[in-house]
Amino acid sequence: MLDTAIALNRFGLGARPGDTPPADPKSWLTAQFSRFQPRPQALAQVPARSTVIGQLADYIAQQRMDGRAKRQMQPASLPTGAAPAQADAKPDPQADPLRRFLRQTIREDYLTMNSARLSAALTTDNPFAERLVHFWANHFAVSVDKLPVIGLAGLLEFEAIRPHLFGRFSDLLLAVEQHPAMLVYLDQAQSVGPNSRIGRIVAMRGGKQRGLNENLGREIMELHTLGVRTGYSQADVTEFARALTGWTVSGLARGPASRFIGGGDDGSFAFADALHEPGERVIMGKRYPQQGEAQARAILADLAANPATARHISTKLARHFAGDDPPAAMVDRLTRAYVASGGDLPTVYRALIDSPEAWAAQPLKFKTPWEWSVSALRAVGQTQIDPQAAIAMLNQLGQPTWKPGSPAGWDDIAASWAAPEALMRRVEIAQRIASKAGSSVDARAIAQKVLPGAVSDATRTAIARAESPQEGLALLLVSPEFVRR
Amino acid sequence: MLSRRFFLSAGGAAVAALSMPRMAFARANTSRRFVFIIQRGAADGLSILGPTGDPLHAGLREGFDQNLANGTRLGSFFTLHPALAQTAKLYAANQALFVHAVASPYRDRSHFDGQNVLETGGSSAYQLKDGWLNRLLGLLPTGDTKALALSDTVPMALRGSNQVSSYAPSKLAGPSDDLLQRVAALYEPDQQLHALWNEAVATRTMAGGVEADGQNGAAMASVAAKLLAGDNGARIAMIETNGWDTHSGQQGRLAAQLRNLDGIVGALNTGLGADWANTLVIVATEFGRTARPNGTGGTDHGEASLAMLLGGAVAGGKVIADWPGLSTAALYEGRDLKPTIDLDALIAGALAQHYGIEPARVMTRLFPESRGSAYGKPLIA
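Respectively, the protein sequence lines represent chains H and C. Following the numbering used here, the numbering of the first sequence begins with 1 at its first residue and continues without gaps. Following the numbering used here, the numbering of the second sequence begins with 1 at its first residue and continues without gaps.
Be aware that a few hints might be false.
What the hints assert, rightly or not - In silico DSS-like links for lysine-lysine, alpha-carbon gap of 27 Å or less:
1. C:Lys129 / H:Lys436
2. H:Lys449 / C:Lys129
3. H:Lys365 / H:Lys26
4. H:Lys436 / H:Lys449
5. C:Lys226 / H:Lys436
6. H:Lys365 / H:Lys449
7. H:Lys316 / H:Lys146
8. H:Lys365 / H:Lys316
Said to hold, decoys possible - Which bits of chain H does chain C cover? Going by a derived footprint, with three or more residues having C-beta under 8 Å, they are:
9. 423 to 434
10. 438 to 451
11. 463 to 470
Treat the hints as calculated values from the structure; they're not laboratory data. Using N, Cα and C, we set each Cβ at its ideal position, and we do this for glycine too.
Chain H extracted, bound-state conformation:
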């Protein structure tokens, strides 16, 4: 593969037929740092955070009311006879708060946001930068199989990741950890310090135990910063979780609880002092005497600056661009760039671009379903896709957006994606994309444009011999050089 093809396909999201091949691939990549738009036109239709939080708050409030009503009705007060029949008769979807909430948040939020993400990827002139957005969204993964996250997942990417893409890792980290999607997904919003004001009141009343939740603290250390088995202990996780108490979201709780939280009701980050565990914390031998929100902020800043974090991030970046088993020399190089610059992301990206390992002529990566779909749609010049069809396509290919199922995100190795049935699905989708593109797209002409200098003789022959333009296009999209980058 020529450097041009590598820049377009391995670093970028795949060439479009109309793209001018970059004369200087490396400076084409670095030029995207300043050209990148955190909020491109493609994201214009994304629902506001306050709207999404409002839907969620309505649902939570409704659930709470229903729960209370049910508890009051329990002791023998259920009218005999009529009720079960009524319940069986016709479940009114409007009356069922869960179904109402799901319909709203899936249709209005999730589908719209996925389309916006896809549209941004299909229309961007800065595909390397957009690829980095997807990389970080997967690094800081939230998953919509947790219902309240359905409408929030996209916002994490749009509001926390995009604006900090070319800043410092520490700022990116803070923005992500204070975003409602992350606070809700990893249960931080409900974590209560046992000795906080609320914690003591709850303990006194002997009410339902609502205490410390370690989920976010652990995943920050294990997944977002240091990496697993890098020297922190269970005690460190617990201490971090204590420091994080009070970090929550405004506008989620209504009624009495909301007054402890403060802030507005728009879903912005809120520090609730009444939930915060008082006292100083000790993490990996370091004392954090700060009070309030500043305490966890200080810990986050130290985690961002930790060399283990530098290595963890560098390893993942190297794996994404230079192969499933990232070359040790490259990981070292990126780590040094990270440490020397204090986690300045453009410096790390530059070290990445300057790494010869990422420019190896042979394909280094098997495209994930997302990468493959985006590159295929870009190759045929499609700039948007029906929201339902987009979700159906990614579901069918096995990578529904923002639904990796765990905070670890999707795997970034071929073994997870290069599977028999998955390959068959790509062929099906390729045929559908090609059929939609119609005979107006000539695969013979675009092959050279989207894979400059990288089309094998076998693929060229297969396309030329295809029995229809559509079949030729489908073959290009599933060719060995197109399913890899």
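Got chain H; can you put chain C on it based on the hints?
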């Protein structure tokens, strides 16, 4: 395998008919249906309707067209492939007519370019920007030439200034067998992909995921027939079939392709009911295949092939051919069946007779680059 179906509906004919020259529309009848079935990939006319009476046939295709031994004899010269059983019945009922050694003006051997010529009606590829089926709408006595395509996209033959709306069936057909085979060939040298692909195909076959040929086409054609039948039905439809590019394993693959095509024809016949009597179906391909088999049990890209005219409206029960012969000297460039009848002229002639429009007008409108004239002998009853 059938991938897409396209429909044109033509309603509200009366008003427009008044403004048209009466003579030209003496036989204009909007109850007439027309279905164009394209065989993408170059169908081998010599295997579909074998010239078994030609003394050179046996030697040329010895051991290759064994299926024809069980075929239907049409007179003393031709034998119809046995997979076309329902089509053979139509022939017996004078509702099927075959035209052999027919070809579009295109003389090279690229599928893309050949299909473009076949569908646009030009004399060379990419010369015309719209399709002859779309231009046909302009000739019909209709006030409302609303066209309906049953797919995501509109094929070249239907594209043009006459409006075409589309309807995509919810369940799209899976990848064609032909595409699956080409993918297999493409992955052959790639260790990783080759292994994955073999596994995928084996699993699918076990799970019955690959639909039996013949089932698919018939089911889709029933839907097509529903949309064509009755007073409010569509008047024109286009059905696309893929998978005719039989470079290898032709005997089995072609039989499956023909069973599928036969299923489509049968389903149209059944589904159209009384309207079948007013229906013309034309089946055509972009070009034919080599007269001699190649080294892999198949045939390569050639020139002349076979066209079929089917339906209750057809003056059938005959084979039309100006037979060029199979000697090396008689073959086009010493390898392919030589075209002796112009496909464009045939289509124009059939449509002129079907709709009762002056043949020269049809020829000029649908095939403006052609210097020939529409086929004049009786094709329509």
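Run the distance test for Lys365 of chain H versus Lys316 of chain H: straight-line Cα separation, threshold 27 Å. holds, 13 Å
Pairwise hint evaluation, Lys449 of chain H against Lys365 of chain H, where the allowed Cα distance is 27 Å at most: holds, 20 Å
Hinted pair Lys436 of chain H and Lys449 of chain H, Cα distance within 27 Å: holds, 20 Å
Has the given pair, Lys365 of chain H with Lys26 of chain H, been kept, meaning a C-alpha gap of at most 27 Å? holds, 19 Å
With a cut-off of 8 Å between beta carbons, are at least three residues of the stretch 423 to 434 of chain H near chain C? That given contact holds, which follows from 6 residues of the stretch 423 to 434 of chain H lying within Cβ reach (below 8 Å) of chain C.
Given hint Lys436 of chain H paired with Lys226 of chain C - CA-CA distance at most 27 Å: holds, 24 Å
Compare the distance between the alpha carbons of Lys129 of chain C and Lys436 of chain H with 27 Å, and conclude whether the hinted pair is satisfied. holds, 19 Å
Given the hinted pair Lys449 of chain H and Lys129 of chain C, is their alpha-carbon gap at most 27 Å? Status holds; Cα separation ~24 Å.
Check whether three or more residues of the stretch 438 to 451 of chain H sit with their beta carbon closer than 8 Å to a beta carbon of chain C. Coverage by chain C holds for the stretch 438 to 451 of chain H (4 residues, Cβ < 8 Å).
Go check the stretch 463 to 470 of chain H versus chain C for me, would you? Three or more residues, Cβ under 8 Å, otherwise it fails. holds (count 6)
Restraint check for Lys316 of chain H with Lys146 of chain H, where alpha carbons must lie at most 27 Å apart: Within the cut-off at roughly 25 Å; holds.
No hint from the list above goes unmet by this structure.
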